[in-house]
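K.L.:
Listed below, chain by chain, are the residues.
Number of protein chains: 2
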Amino acid sequence: MKIGNPGEFGLIRRLAALAPVARAVVKGIGDDCAVLPGTKDTFLLWTCDMLVERVDFTRRDAPALVGRKALGVSVSDIAACGGIPRYALVALGLPSGIAAAYVQNLYRGMRKLAQEFGVSVVGGDISRAPAVTIDVSLLGEVRKKRLVLRSGARPGDIIFVTGRLGGSLAGRHLRFQPRVREAQQLVARYGVHAMIDISDGLSSDVGHLIRASGVGADIYAELVPAYPGVNLEHALNDGEDFELLFTVNRTDARRLSRGKTGFFPVGVITSEKNKVRLIDRRGDCCKLVARGFTHF
Amino acid sequence: MKIGNPGEFGLIRRLAALAPVARAVVKGIGDDCAVLPGTKDTFLLWTCDMLVERVDFTRRDAPALVGRKALGVSVSDIAACGGIPRYALVALGLPSGIAAAYVQNLYRGMRKLAQEFGVSVVGGDISRAPAVTIDVSLLGEVRKKRLVLRSGARPGDIIFVTGRLGGSLAGRHLRFQPRVREAQQLVARYGVHAMIDISDGLSSDVGHLIRASGVGADIYAELVPAYPGVNLEHALNDGEDFELLFTVNRTDARRLSRGKTGFFPVGVITSEKNKVRLIDRRGDCCKLVARGFTHF
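In order, the protein sequences belong to chains A and B. For the first sequence, the numbering used here assigns the number 1 to the initial residue and increments by one for each residue that follows. For the second sequence, the numbering used here assigns the number 297 to the initial residue and increments by one for each residue that follows.
Looking at chain A on its own, in the form it has when it is part of the complex (with noise of 0.2 Å):
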């Protein structure tokens, strides 16, 4: 059996059966931060991902904004669980004839975002690879009242995102913006039940939400967001948004729409367990398949 049988999730599920799990950990494997004891009040959120030359980036990429990038991808995870990012170590590794300018604006573009939010670059490793490796392991922290996970959704919610979606593929998957101040906004003045930030595309990544929630959900399609210039379909599956989708109540959903949040409602959460649905103009429907980015 190949890699690409049980594929990425299937396998990140299996290192989790696996994986034998303190019970001082109050969330593991399967969100966007791994959550764990902090202070009284605070909870440690950590998160790391991996980029690779010619899977995330090119070599032709300005390499300050794929050093931007690799650290960008975990404050945006931080930002989903509703925390702020602290604390990185970044693992690289490199071919060896590669110019030590490139291995400089690398870390000049990382250090610009660490700066811009804060972030102490505290460690890392550096190793001889076939390919330019990156992997940014990030710690954060939440203060309690303030987690969200993938996990509350409940029917009746209202979906939201947090800003234009697609045409990460014609370059703006290096110059996003992780969502730190807005989810910091959301988490304090509004009951946020479920985040997630768009990584994958927005029709894998509401399922993996309601899937964790036990909920399904209705996209609307006139609704979706998309820059100009973008089909629907790519608003749907490029991925690396790295726009934040969340739930809240209709309450709040009243709220968010009146102000100039800048939030886009794009849907509603239902009953129906693991079914997500898009919805056209016309009232008719059809199964949201995800075709986001995986890996194998």
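Mixed in with the good hints there might be a few duds.
Said to hold, decoys possible - Pairs of lysine to any residue residues, derived as SDA-like cross-links and limited to a Cα-Cα distance of at most 25 Å, are as follows:
| # | chain 1 | residue 1 | chain 2 | residue 2 |
| --- | --- | --- | --- | --- |
| 1 | A | Lys144 | B | Lys556 |
| 2 | A | Lys40 | B | Gly414 |
| 3 | A | Lys144 | A | Ile29 |
| 4 | B | Lys556 | B | Lys569 |
Unchecked claim - Computed list of chain B residues with no C-beta within reach of chain A, every gap over 12 Å:
| # | residue |
| --- | --- |
| 5 | Val369 |
| 6 | Val386 |
| 7 | Gly414 |
| 8 | Arg450 |
| 9 | Arg468 |
| 10 | Arg550 |
| 11 | Gly555 |
| 12 | Lys556 |
| 13 | Arg578 |
| 14 | Cys582 |
Stated by the list, open to error - If you anchor each label on the Cβ, the simulated ranges turn out as follows:
| # | chain 1 | residue 1 | chain 2 | residue 2 | range |
| --- | --- | --- | --- | --- | --- |
| 15 | B | Arg546 | A | Arg60 | 53 to 61 Å |
| 16 | A | Arg211 | B | Val585 | 51 to 59 Å |
| 17 | A | Gly229 | B | Arg507 | 53 to 61 Å |
| 18 | B | Lys336 | A | Arg250 | 56 to 64 Å |
| 19 | A | Gly229 | B | Gln411 | 46 to 54 Å |
| 20 | A | Leu232 | B | Arg404 | 16 to 24 Å |
| 21 | B | Gly555 | A | Gln177 | 22 to 30 Å |
| 22 | A | Val289 | B | Arg355 | 49 to 57 Å |
What the hints contain is simulated information worked out from the structure, not anything from laboratory work. Since this is a predicted model, take the numbers as computed values, not measurements. Idealized CB from N, CA, C, for every residue including glycine.
Take the given structure of chain A and dock chain B to it, following the hints.
P.N.:
Only chain B this time, still in chain A's reference frame:
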């Protein structure tokens, strides 16, 4: 300028120079672990290590032993700071044609070591990559009073190692035992001034320790404990021994030598800044050149 020029350690120093670090950070880049604020009585210890196929292991090595090593090297870093490992994230880069059984055996080896040392695997990431790549990020904790860094060695201290050295290339690099229990004994009962794990080779790692401490060292050739069949050259330089090298004052050194502790005194800390000498049985000495493993 190619990367061989500033080299691995130069690059890590440059990253340190670029990286802004919050005041709360107890110790950033430059030790076996980063040290971060924890609870009232403890610090968090944090480390990561990236292993890459054809650099750190081959596809012919048993995957369970490779998985064991991938976690073990980080466990060893936590031990070297006087701490206990707690939580791990595992980022995997995998070639697309790899067998699922290979990955499962990798996990099994990792799990076995995780259980032995009470480590919970709480998350990870899987990506496509041209070579099998394993980056383990490990969090541990240490009682504040028991924290040991590389930087505390004092002239007159006796230098010890926790076990026999050399022979890693003959396969021992896949079968080492992280010295968590030994380190816990040491920090609980003795005043350990400085400690480091021997990953690059004694000749390199004693250099890291004395530079961090602003001291020098004399190593006595006939005291260096080698595995049977391993000559002095290999015992000094092979690396990946993952024994601990530590220093204590003479009183504690006498206590350590009297007991059946299995620890070996190998030399003495001097006030000759940044100088490491190798002294033979006739008392002749020469400069001990760091010939340990480097990636570039």
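K.L.:
Could you run down the list of hints and mark each one as holding or not?
P.N.:
We went through each hint and held it up to the structure:
Between the alpha carbons of A/Lys144 and B/Lys556 the distance comes to roughly 48 Å, so the proposed pair goes past 25 Å and is violated. Distance restraint check for A/Lys40 and B/Gly414: the Cα-Cα separation of roughly 23 Å lies within the 25 Å cut-off, and the hinted pair is therefore satisfied. Between A/Lys144 and A/Ile29, the direct Cα distance comes to roughly 19 Å. Compliance with the 25 Å bound is thereby established for this hinted pair. Proposed proximity of B/Lys556 and B/Lys569 is contradicted: the alpha carbons are some 33 Å apart, above 25 Å.
Non-interface call for B/Val369 relative to chain A: violated, since the shortest CB-CB distance, roughly 9 Å, does not exceed 12 Å. For B/Val386, the non-interface assignment is contradicted: its Cβ lies about 7 Å from the closest Cβ of chain A, within the 12 Å cut-off. Not every CB of chain A lies more than 12 Å from the CB of B/Gly414, the least distance being 7 Å, so the non-interface label is violated. Separation of B/Arg450 from chain A is adequate, the least Cβ-Cβ distance of about 25 Å exceeding the 12 Å criterion.
Under the 12 Å C-beta cut-off, the non-interface status given to B/Arg468 relative to chain A holds; the minimum distance is some 20 Å. The claim that B/Arg550 is not at the interface with chain A holds, since no C-beta of that chain comes within 12 Å of its own (minimum 36 Å). Against chain A, the non-interface label of B/Gly555 holds: every CB pair exceeds 12 Å, the least being about 33 Å. Non-interface call for B/Lys556 relative to chain A: holds, since the shortest CB-CB distance, roughly 33 Å, exceeds 12 Å.
The beta carbon of B/Arg578 sits about 40 Å from the closest Cβ of chain A, which is more than 12 Å, so the claim that it is off the interface holds. Annotated as non-interface, B/Cys582 keeps its C-beta farther than 12 Å from every C-beta of chain A; the closest such distance is 30 Å. As the Cβ distance of B/Arg546 to A/Arg60 is approximately 60 Å, the hint placing it in 53 to 61 Å holds. Taking the beta carbon of each, A/Arg211 and B/Val585 are about 58 Å apart, inside 51 to 59 Å as hinted.
One distance hint, 53 to 61 Å for the beta-carbon pair A/Gly229 and B/Arg507, holds here, with the actual separation near 56 Å. For the pair B/Lys336 and A/Arg250, the beta carbons lie near 43 Å from each other, so the given range of 56 to 64 Å is not met. For the pair A/Gly229 and B/Gln411, the beta carbons lie near 53 Å from each other, so the given range of 46 to 54 Å is met. At roughly 44 Å, the beta carbons of A/Leu232 and B/Arg404 sit outside the given window of 16 to 24 Å.
A beta carbon spacing of about 59 Å between B/Gly555 and A/Gln177 contradicts the range 22 to 30 Å that was offered as a hint. Remark: the range hint 49 to 57 Å for A/Val289 to B/Arg355 is contradicted by a beta-carbon distance near 36 Å.
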